[in-house]
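Asker: In case you want the letters, here they are:
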Amino acid sequence: MSFEPRILGILCNWCSYAGADLAGTSRIHYPPNVRIIRVMCSARVDPTFVVKALVSGADGVLICGCHPGDCHYSEGNYKTMRRIPLLKKVLKDFGIEDERVRLEWISASEGQRFADIVKDMTERIRVLGPSHVACELHADPRER
Amino acid sequence: MKAKIGVYICHCGSNIAKIVDCEAVREYISTLPEVAIARTYKYMCSNPGQDLIVQDIKEHGLQRVVVAACSPRMHERTFRAALQAAGLNPYMFEMANIREQCSWVHDDPQAATEKAKALAQAAVRRVVHHEALEQMTVDMCPNTLVIGAGIAGLTATLELAEAGQKVFLLEKQDHLGGNLARVDLTAPYLDSARDLLIERITRVRSSGNIELLLNSRLQQLQGYVGNFTATLSRTGHDGPGTGKIREIQVGNVIVCTGYREFAAERVTHFGYGKLPDVITSFDFEKMLQAGRIECCDGTIPKYAAIIHCVGSRSAEFHGYCSRVCCMTALKYVHEIKSAVPSCYVSDLYIDMHAFGKGHEDFYRRTSEVKTMFLMFGKGDHPIIRSAGPKDDCKMLIEVNEQLSGELIEIPADLVILMVGMEAQEDAMETARLVNISQDKEGWFIESHPKLDPVATTTDGIFIAGTCVAPKDIPDTVAQARAAAARILARIAKGKIAVDAVYAEISDDACSGCRICNELCPYSAIEYDDKKKRSHVISAMCKACGACVAACPSGAIKGRHFTDQQILAQIEGVLR
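Going line by line, the protein sequences match chains C and F. Take the first sequence: its position 75, counted from the start at 1, is 75 in our numbering, and no numbers get skipped. Whatever position you read off the second sequence (first residue = 1), add 1000 for our numbering.
Honestly, the hints are just simulated from the structure, not real lab data. Take these hints with a grain of salt, some might be off.
[As the list claims (entries may be wrong)] Straight-line alpha carbon distances no greater than 20 Å define the calculated SDA-like cross-link-like pairs of lysine to any residue that follow:
{"#": "1", "chain 1": "F", "residue 1": "1018", "chain 2": "C", "residue 2": "25"}
{"#": "2", "chain 1": "C", "residue 1": "119", "chain 2": "F", "residue 2": "1110"}
{"#": "3", "chain 1": "F", "residue 1": "1557", "chain 2": "C", "residue 2": "29"}
{"#": "4", "chain 1": "F", "residue 1": "1018", "chain 2": "C", "residue 2": "31"}
{"#": "5", "chain 1": "F", "residue 1": "1018", "chain 2": "C", "residue 2": "93"}
{"#": "6", "chain 1": "F", "residue 1": "1440", "chain 2": "C", "residue 2": "25"}
{"#": "7", "chain 1": "F", "residue 1": "1440", "chain 2": "C", "residue 2": "27"}
{"#": "8", "chain 1": "F", "residue 1": "1018", "chain 2": "C", "residue 2": "70"}
{"#": "9", "chain 1": "F", "residue 1": "1440", "chain 2": "C", "residue 2": "48"}
{"#": "10", "chain 1": "C", "residue 1": "88", "chain 2": "F", "residue 2": "1552"}
{"#": "11", "chain 1": "C", "residue 1": "119", "chain 2": "F", "residue 2": "1282"}
{"#": "12", "chain 1": "F", "residue 1": "1440", "chain 2": "C", "residue 2": "116"}
{"#": "13", "chain 1": "C", "residue 1": "88", "chain 2": "F", "residue 2": "1550"}
{"#": "14", "chain 1": "F", "residue 1": "1440", "chain 2": "C", "residue 2": "67"}
{"#": "15", "chain 1": "C", "residue 1": "119", "chain 2": "F", "residue 2": "1107"}
{"#": "16", "chain 1": "C", "residue 1": "89", "chain 2": "F", "residue 2": "1552"}
{"#": "17", "chain 1": "F", "residue 1": "1450", "chain 2": "C", "residue 2": "25"}
{"#": "18", "chain 1": "F", "residue 1": "1440", "chain 2": "C", "residue 2": "68"}
{"#": "19", "chain 1": "C", "residue 1": "89", "chain 2": "F", "residue 2": "1550"}
{"#": "20", "chain 1": "F", "residue 1": "1337", "chain 2": "F", "residue 2": "1282"}
{"#": "21", "chain 1": "F", "residue 1": "1450", "chain 2": "C", "residue 2": "27"}
{"#": "22", "chain 1": "F", "residue 1": "1440", "chain 2": "C", "residue 2": "69"}
[What the hints assert, rightly or not] Derived list of chain F stretches under chain C, where covered just means 3 residues or more per stretch with a C-beta under 8 Å from a C-beta of chain C:
{"#": "23", "segment": "1096-1104"}
{"#": "24", "segment": "1286-1294"}
{"#": "25", "segment": "1404-1415"}
{"#": "26", "segment": "1543-1554"}
{"#": "27", "segment": "1565-1571"}
Quantities reported herein were computed from a predicted structural model and do not represent experimental measurements. Even glycine gets a Cβ: it sits at the ideal position worked out from N, Cα and C.
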């Protein structure tokens, strides 16, 4: 069977989750590989969430927030903008490829953009193959 | 004790069920140890659907509930209320979004069903860790701030003031009436815009409950629903009170900032700004208000032409329809024909949008007054050129007429461009000040486009009229009144429940490092010098969670978005 990446999406409630909902109401199709959870603001994304996802079998983590300047909480996404690159630096030392963790800004009106990003990320991770974290922690990660 | 969870999988008619095998999801979810009952139903949000949950809670002693259906942004409130009706704390609930983020976006039934299972499982894992939260109630300040004094702002203001409530009506210009004050007659009944406005303005000016703030702008809005502090400043170059800052207390805000007209010079092919007798609809309104239809040289036009969709319904400018221009164009036909009966009027359109009450009738009546209707293609446009000395007109318009399939040339002395509506220049600034969102065209976004059209995602901030999207006067007035009615209902209650979701700091775990103090965008975290601990002022916290993620001691708990809840959800969704 071909490799189907498993991607966790962590979306902020006000812009990105609404954008993903808009993709739905507009019937814009994208691969089913992404599974979404909702936080109020991307600034709530604790680095441990990303680590937890990777050890729980995620091949990638997509974090989405409002565009800079548009945060529902004025400046939460600026914190995310600084935190995630730092986290990626640490993850790199553990051999986790840069493309597995992705931070994107998606507004409530960008349903198409959300679908495009999911498509792109799914394809990139498909090429990259399964995450070695998942492989090492679980004997057969696809069987869980 | 094992948690007793009820899980309900919604078919949403066929919206979910045609892609997701709901029965397979139910079977899978039933195998989870915490799940006591799992059911599927056609419409969970319907009354019988909600009753199903209420009955099960009562009969089977369910402690927690999961509904796998549409987006929580749609129906979380509905189901929380159902839990409450059954005597369960509304926060013992979680929703799995298997419609907007599953059945509507995937076409492979097997993959969609697997994903729906994962989403439902994640919700079960999460809800296990939910805690009963008590909602806070706060006093509702009965004052309202209305921003913009066009027809929407005036109407909303009167509705509130005449119900006995205090209103601050803010207008950046030095006069009332907004864009409608620039209009002569209105379509389709040809009554005067001035009459509509004067009646309203007189009532506004004579009301004791309205404080009119002309030449004024909102500088800052702080606080939360029921308790906003608005900082206002006087604009203008000089005159009394310029730059003066003032603070007012309001419970709710209605944004009625309207639209601006599309700048016709952006469409270069019509020669606006170069050919003096090519004018915009607003230039023409000015002419009508002055009472004389004439060309730039003072002569009366023998031929007039009206061109629709300037800046609207185009790939280059705005994709949307501005909704009012078609009927306004027909109104011009009537006004020209009544002022200059001998004038030959041509109307060049792409499609005639006559959607509203009385509009189709108006279209029919207009075609009876000898108007030449010419249809041009979307993506195409008529070509205007100056006429030669032998022609008895100033300009010639060439149009690829769609109905006849012929290239037609028509004479014109005066060309009126029907310019569309666009979002105000300062719409982004306004959106940021009151913390609401804009769509890709710059219009303000509603809480729900169909079911909650005048509320926004920020509680206490309402929107009405053409700042939301192009619309005509009846729709604008309806929205303004709706927003006012929503606020009056809240004022009548006197108190408002605010979400029980906020951050808490554990005194035992806090090290007093103060990292969180600076992070909070609402200055809701205070440092207690005696205890050497930080603490959250819960009424000021908006629950973004920025401090929760940053605390090096893990001392801050984001209620209803705890680490435990989110980590359990992550584990569940990836299985």
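Asker: Now tell me if each hint is right for this structure.
Answerer: Status of the hints after comparison with the structure:
Distance check on the hinted pair: residue 1018 of chain F and residue 25 of chain C sit about 16 Å apart at the alpha-carbon level, within 20 Å; holds. Taking the CA atoms of residue 119 of chain C and residue 1110 of chain F, the gap is about 19 Å. The hint holds against a cut of 20 Å. For a cut-off of 20 Å, the pair hint linking residue 1557 of chain F to residue 29 of chain C is broken: about 37 Å separates their Cα positions. At roughly 18 Å between alpha-carbon atoms, residue 1018 of chain F and residue 31 of chain C fall within 20 Å of each other, so this suggested pair holds.
With a CA separation close to 45 Å, the supplied pair residue 1018 of chain F and residue 93 of chain C exceeds the 20 Å bound. For the hint pairing residue 1440 of chain F with residue 25 of chain C, the CA-to-CA distance comes to about 16 Å; that is within 20 Å, so the pair holds. A distance of roughly 18 Å separates the Cα atoms of residue 1440 of chain F and residue 27 of chain C; the hinted pair therefore holds under the 20 Å criterion. Taken as a hint, the residue 1018 of chain F and residue 70 of chain C pair is broken in the structure, with Cα atoms around 37 Å apart against an allowance of 20 Å.
Of the supplied pair hints, the one linking residue 1440 of chain F and residue 48 of chain C is violated, its CA atoms being roughly 34 Å apart against a limit of 20 Å. With a C-alpha separation of about 19 Å, the suggested pair residue 88 of chain C and residue 1552 of chain F falls inside the 20 Å cut-off, and the hint holds. A hinted pair counts as satisfied when its Cα atoms are at most 20 Å apart, and residue 119 of chain C with residue 1282 of chain F does not qualify at roughly 46 Å. Restraint check for residue 1440 of chain F and residue 116 of chain C: the C-alpha separation of about 16 Å stays at or below 20 Å, so the hint holds.
For the hint pairing residue 88 of chain C with residue 1550 of chain F, the CA-to-CA distance comes to about 17 Å; that is within 20 Å, so the pair holds. Between the alpha carbons of residue 1440 of chain F and residue 67 of chain C the distance comes to roughly 12 Å, so the proposed pair stays at or under 20 Å and holds. Our distance criterion of 20 Å between C-alpha atoms is met by residue 119 of chain C and residue 1107 of chain F, whose separation comes to about 14 Å. The hinted pair formed by residue 89 of chain C and residue 1552 of chain F meets the criterion: a straight-line CA distance of about 19 Å does not exceed 20 Å.
For a cut-off of 20 Å, the pair hint linking residue 1450 of chain F to residue 25 of chain C stands: about 12 Å separates their Cα positions. A C-alpha spacing of about 15 Å is found between residue 1440 of chain F and residue 68 of chain C, which places the hinted pair at or below 20 Å, so the restraint holds. The hinted pair formed by residue 89 of chain C and residue 1550 of chain F meets the criterion: a straight-line CA distance of about 18 Å does not exceed 20 Å. For the hint linking residue 1337 of chain F to residue 1282 of chain F, the alpha-carbon distance of about 18 Å falls within 20 Å, and the restraint holds.
About 17 Å separates the Cα atoms of residue 1450 of chain F and residue 27 of chain C, which keeps this hinted pair within 20 Å; it holds. Under the criterion of a C-alpha separation no larger than 20 Å, the hint pairing residue 1440 of chain F with residue 69 of chain C is consistent with the structure, at around 15 Å. Counting residues of the segment 1096-1104 of chain F whose beta carbon lies closer than 8 Å to any beta carbon of chain C gives 6, which reaches the threshold of three, so the coverage claim holds. For the segment 1286-1294 of chain F, the stated coverage by chain C is not satisfied: 0 residues place a CB nearer than 8 Å to a CB of that chain, which falls below the threshold of 3.
Restraint check on the segment 1404-1415 of chain F versus chain C: 0 residues with Cβ-Cβ distances below 8 Å, three needed, restraint violated. With 7 residues having a Cβ less than 8 Å from any Cβ of chain C, the segment 1543-1554 of chain F passes the three-residue criterion, so the hint holds. Under a criterion of three residues with beta carbons nearer than 8 Å to beta carbons of chain C, the stated coverage of the segment 1565-1571 of chain F is upheld, 5 such residues being counted.
Figure legend: structure checked against the earlier numbered hints; hints not met, in rising order: 3, 5, 8, 9, 11, 24 and 25.
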